[in-house]
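J.: This is what each chain is made of:
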Amino acid sequence: MLWEVAIQPAEGSVDREGERTLAHARALGLESIRSVRTGRSFLVQAETDEATLRRLSEAVLSDPVVERFTLHPLPSSRNGRDGERLLNVLYKPGVTDNVGHSTREALLAAGLDVSAVATVRTYRLNGDANRADIARVRGKVLANDAIEEVIEGPLQLDSISLGKDYRFELKAIAIREMDDTALTVLSRDGQFYLSLPEMRTIRDHFRSLDRDPTDIELETVAQTWSEHCSHKTLAGRIRYRDEQRSIEFGNMLKETIFAATQTIRERLGRDDWCVSVFKDNAGIVKFEGDQNVCFKVETHNHPSAIEPYGGANTGLGGVIRDTLGTGLGARPVCNTDVFCFAPPDLPDRDLPPGVLSPQSVMHGVVAGVRDYGNRMGIPTVNGAVYFDERYLGNPLVYCGNVAMIPAAMSDKEVRVGDLIVALGGRTGRDGIHGATFSSAELTEESETVSGGAVQIGNAITEKMLADVLLAARDRRLFHAVTDCGAGGFSSAVGEMGEKTGAEVELDRAPLKYAGLSYTEIWISEAQERMVLAVPPDKADELIALCEAEGVEASVLGRFTGTGRLVLKYGGRTVGDLEMSFLHDGRPPVVREATYAPPKSLPFTLPAKSRFDDDLRAILSSWNVCSKEWVVRQYDHEVQSGSVVKPFVGVKEDGPSDAAVVRPDLKSRRGLVVSCGMNPRYGDLDPYWMAAAAIDEAVRNSVAVGADPSRIAILDNFCWGNTERPETLGSLVRAALACQEVAVAYGTPFISGKDSLNNEFSYTDADGARQTVAIPQSLLISALGQIDDVAHAVTMDLKRPGNPIFLIGETRDELGGSHFALVNGLAGGQVPTLDAGRSRRIFTALHSAIRQRLVRSCHDLSEGGLAVSLAEMAFAGGFGVEIDLAPLAATGLPDGSLLFSESNTRFAVEVTPENAKAFESAFTDLPCSRIGTVDADDRLRVRGGQGATVIDSKLADLKEAWQRPFDWT
Amino acid sequence: MLDVAVVRFPGSNCDFDALRAAERSGANASFVWHQDNDLKGADVVLLPGGFSYGDYLRSGAIARFSPVMQAVRRHAEAGGPVLGICNGFQILCEAHLLPGALMRNAGLTFVSKPVDVIVERADTAFTSAYEAGARLRLPVAHGEGRFVATGDTLRELEAEGRVVLRYVAASEASPYQPNPNGSANHIAGICNPAGNVVGIMPHPERADDALLGLGDGAGFFTSISKASVR
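Sequence order for the protein chains is A and B.
Taking the working numbering, the leading residue of the first sequence gets 72, the next gets one more, and so forth.
Taking the working numbering, the leading residue of the second sequence gets 19, the next gets one more, and so forth.
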C-alpha cells in the first residue's frame, strides 16, 4: 500500500523556500504567480495501518517543534480543486533519492516493513495563476527535466516500486555485414561516438574472428576507446605547424608535458622528489618522512551542463575516488574547485533553447560541490570562478583533491589469481554512457538523449567507503585498487586486468533494483564504487571488515593469466575479448594542427587623468569581485588543518592567494594549494595564456610562502572540437608553452586531464545552426610545500608606516587585461614572460620570506597593481600612499603602470627596519619601493608626473568588490 | 587522567578533530562506534560534528536511534558530562536530551566562517576555563544551525540561565555579522537543567591553536580536566 505523509511548516513559521521561489518567479516576470506555499511529502510503500504510520511519522518523519503533518493513502481521493494549484516535483525513476533512501533505513530501524520511500517537493500556487506562467515556473524554477518530473494536482500513483525481472537474452550485432553508412549510424545511435576508422577496425577484427560481437563487447570497446578513457587525441599522432615551426608528434602529450617532467627529474638526479607521475589515478610527490602526497584535478563539464547539482556533486565525488584509488589508497585532506560560467546577469531572453540560465547553473554547481565536500568532511580550501559568455551552454567544472599516502603504499600491482572485489555502492541504471557522452558535443537535445548519463552522489556512502578502504589498506588486504569512474566496471576491470586478463561474473554485482541487463551492469556509472584486487586468502578478512563498517563488498570474479577479458552472466559467456585488442587495437589517427597568430591590433590607452572609476569597475567585474557567496558555503576548516584560509585579513574577507594546509597535525610542515588560469589571454595567444597560467599558479603559491623549488603542477585542458586543425593547433601551442615554462621553472607536471569537444550547438530563432565553442581554458593547479606553516604570509596589510615594494617588471601588456575589458578595448600585447628571470624572482622572494622579512604579500593578476593594492588595503583595514615615480624608468604611462597584467609581479609589505635587507635579496632583479601603509582609510596614488591618479575611500572600493555577489 | 569518549556515527567528520583537541588538553580520548552498547567507562562524552548517516532526512534524526545513544542517555541521566558540537548538538536535540530543534539557516545555505560569541555560563563541565561574559571567536560551519523552540521553552531557557553561548552583535570589536543562521534569541549553545549536557553550534575543536589563527576554543577541552566528574 502507498501512503503520502505531507509535511508543512507549523503555524507561524516563515516559509523561506516559498519566498525564494516567489522571488525567482518575479525575477522571470511571471506576474500571475502571486503566492507560493511549499511543503514536502514522503511517499511510503509499506504494509501497515494508519495508526502505526501516524506514530512513526510523528517520531521520525517530522520535527514536532516546527512542523505539522497529514497522512493519506494514495491514489488520492481528492480532486485538487481547493483553490490552489498543487505542483508535485518527483525524481524520475532510478534517480538517486538520498533522502528517500535514508528515510527507508530509518523506518526499517523503527520496525516498519517498508519496501520503498520516495520524496516529493510540493508547491501550492495561487489558483488563478495562468497556464503559461505555470509552465515557465515548472521548467525554470521548480524542476530540472533531466532528473525530475512535475505532476499537477493530488497524486494518483499507486506504487513507487522500481525495477522488474530481467529476462536474459544474449544480443549479437551483425557488424560484419555493415558498410560505412551502417557503421556510422551504429556508432551514433548506440551512443558509442566512435569515428568511422575505429568502427571499421572493430568490424574487421570480428570478421577475422569469424563471428559477430555481442552488445557488451561493442560497449566495452567503445568505453575503452572513448576520448574520455584513452585521450586518443592528445596522446595521438599530430602534425603541427605554426608561424615558426613544424613538428610531428608520435604522442603529443608524452613529447611535451611528460617530457618536461622527465627533463626536470633528470636534472634533479638524486634529489628528485617526484614519486609517481602520469601513470596512476593521481600524481604522487614526496612530502615529509614516510609520507607522500597526491593530487588530481578532474573535470565534469557535460553532466554539469545538463544537471548542474548532480554533475558537480559527482564531479567532486569522482575526483576524491581518484586519489582514494591511487597507489593502495590515499587519505583525502583538501579539495579545490574551479568553475567557468556565463555571466549571471545575462538576460533570460538571450538564452538559446535547451540552455539553463547561468544563475541556475551556478547555484546548482556550487550546491553540488558543497553538499559532497562538506559531507565527506574534506575542507574546500582553494578555487576560482571565471565568467565568459561562451561558457553559456557548456560550463566548466574542475574538481581537485589532495590526499596523503604512506611512501610504502604508493605502488600497486595486480597478481594473477587475485579476486576482483567490488566495494561500496550498488549498481543501478545511472550514468549509462557517461564516458562516451562526455566525449561528444552538447546540443539542445542533450538534455533528453543523455539524461541517463546524469547521476546524483551519496557522499556518506563514499565517506564510509573511504574509511573502510584505508583500514583495509593498513591491514594489507589487497594488492591493487582503482575507482569506478567513467565506464564503470568496464573501465576499472579492463584497466586493472590489462596485463593479466580477467573473468567477471556480472550477476554477482549487487543491484539497486532488478531488471538490469548484463551490459547495463557492466557499463553503469553508479557512484561510490571501487574495485580491489584481493589475494584469495585475505578475502574473508576483507569482507568481515566491510560488514562491520556497514559497507557492501562482493567478489565479482578473478584476475586470470589468460590475457583475455571474459564476461559471464548466469554461467553463460556474454563477452570474450583479447586485452591486447582492447588496449592496443585502436587505429592510429594522424591529426592536423595549425596555428596562425591573429592579426595584431594596436592598443590605444584612453587619455585619462584619474583612474578611480576604472579601478572600481574592475573590482566589480565578475572575474575579480569577491566570491565570498560561494566560498562561505564550503566548509574550509574541517580536519582542523587549514592555516591560511580562502579569506584572510582583519575581517577575514580579503582574497588569499593560496591555501596553506597542515595534513599532519603533529608536524608544522604544510601543503600549499593554488591555481592559475586566464581564458581571455587565449584569444590573443594560447602560448602566452599557458605561460601566464603556470606563472599565476606558481606565484600564488610562492606569495604565501611555498618553496619554489618544490612545486608540482597539474594541467587540465578544456578545449573546443579538436577535429578542427586550428582548434587542435591552439591546444598544441599551449602544450609547447607548458613544456618550456615548466622546465624553466623546475615545476614538474605530475598529472593532468583533458576535456575536448566543449561546444554547444543549437538552432537560432532564424533557423540557422549556431555553434559556440568555449574559450581555450587551461587550468594549472599547483601543489607547493612550506617548511613551517607558522611562517606563511597573508595578503592583508599589517601596520601603518611599513614600506610597500613592487617586485617584478611592469611592461606595456594590456592585451586581454581587465582594464581592456571594462573599457571595451580590443587588441594590445598579451602578457609574456622571461622564464629564467621569473624563476630568479621566485627564488629571491622565497628567500626573503624564509628570513621573515615579509609582512604581507599579494600577487598581481587581473587588474594589475591597482587591484592588488586595493585588495591588500581593504583586507588589512589600512590605507596606502603610492607614488609611481620610482617606476619612471619603464617609460610607461600611469594607466599601464596601474593596470598592466605583466607576469611574475608581487606587491610586498616590509617593516622599515627590514627594508634594506629585503631590497638586497633582489640584487639585479626589479624591485621598487613604491609607497607606504598609512593609518588613513584611502588608497592614494600619485602618477609619474606627480598628479593624483587615484584617491578613493577603501570602503567604496571594498563595496564595489563585494557587491556583485551580495546574493544572500 | 580523565577518559573521554568521542562517538563516531557513519558520516561523523569532526571525530578526529575532537579526539585530538581532547588529547591536547591532557585527557585520554578514544572512539566509541555508533553500534556499541556502552561507553567503555568514559567519564566524558563528546558528540562530534559531521553529517551522521548523511543527515538527508533531518540532522540527527537517525543517529538518535543508534545503540550508543542509549548509553549516552544513561550517562547523561546519571549526571555525566556530554558535549555535542554542531551535528552533536543536533543529535542531542533530536534525542530530547536538550530542548528545541536546529533548523535550516535563515539564509538557506551552508555557512563556514568565524563568529563572535559570549560565554554566558562558565560553570558547566565544558566552560569552566572561561570567565562568564568572555567573548570568543570561533568558527561555525553548518547548514542547519538555526535554533528554534516554543515560546515557553525559550522563556524557560532564559529564566533558568541555560544559554551557554550567544552570538554577539557587530561592533568595533567584532567585525562579523552576528547570528549567522537566524537563531532565536541569538542562541549558539544551551545546556540541560542540570548543566551537564551542553550543545553548541560553533567548533571549538578547530580553534585550539593560537599559533595558527584561532585559539579561543581550547578552553572547552581544558575545562574537561577541571570538571568534577560523577
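Simulated from the structure, these hints should not be mistaken for lab results.
For each residue, glycine too, the CB sits at the ideal point set by N, CA and C.
Mixed in with the good hints there might be a few duds.
Reference excerpt, derived from the structure (chain B facing chain A, CB under 7 Å, subset only) [as the list claims (entries may be wrong)]: (1) GLY29; (2) ASP35; (3) PHE49; (4) TYR74; (5) LEU75; (6) VAL129; (7) SER130; (8) PRO132; (9) ILE136; (10) PRO157; (11) ALA159; (12) ARG224.
J.: All hints are to be evaluated individually against the structure, with a verdict given for each.
T.: Evaluated hints:
no.	hint	in the structure
1	GLY29	holds (5 Å)
2	ASP35	holds (4 Å)
3	PHE49	violated (11 Å)
4	TYR74	holds (4 Å)
5	LEU75	holds (5 Å)
6	VAL129	holds (5 Å)
7	SER130	holds (5 Å)
8	PRO132	holds (6 Å)
9	ILE136	violated (19 Å)
10	PRO157	holds (5 Å)
11	ALA159	holds (4 Å)
12	ARG224	holds (5 Å)
Checked against the numbered hints listed earlier, the structure breaks hints 3, 9; every other hint is satisfied.
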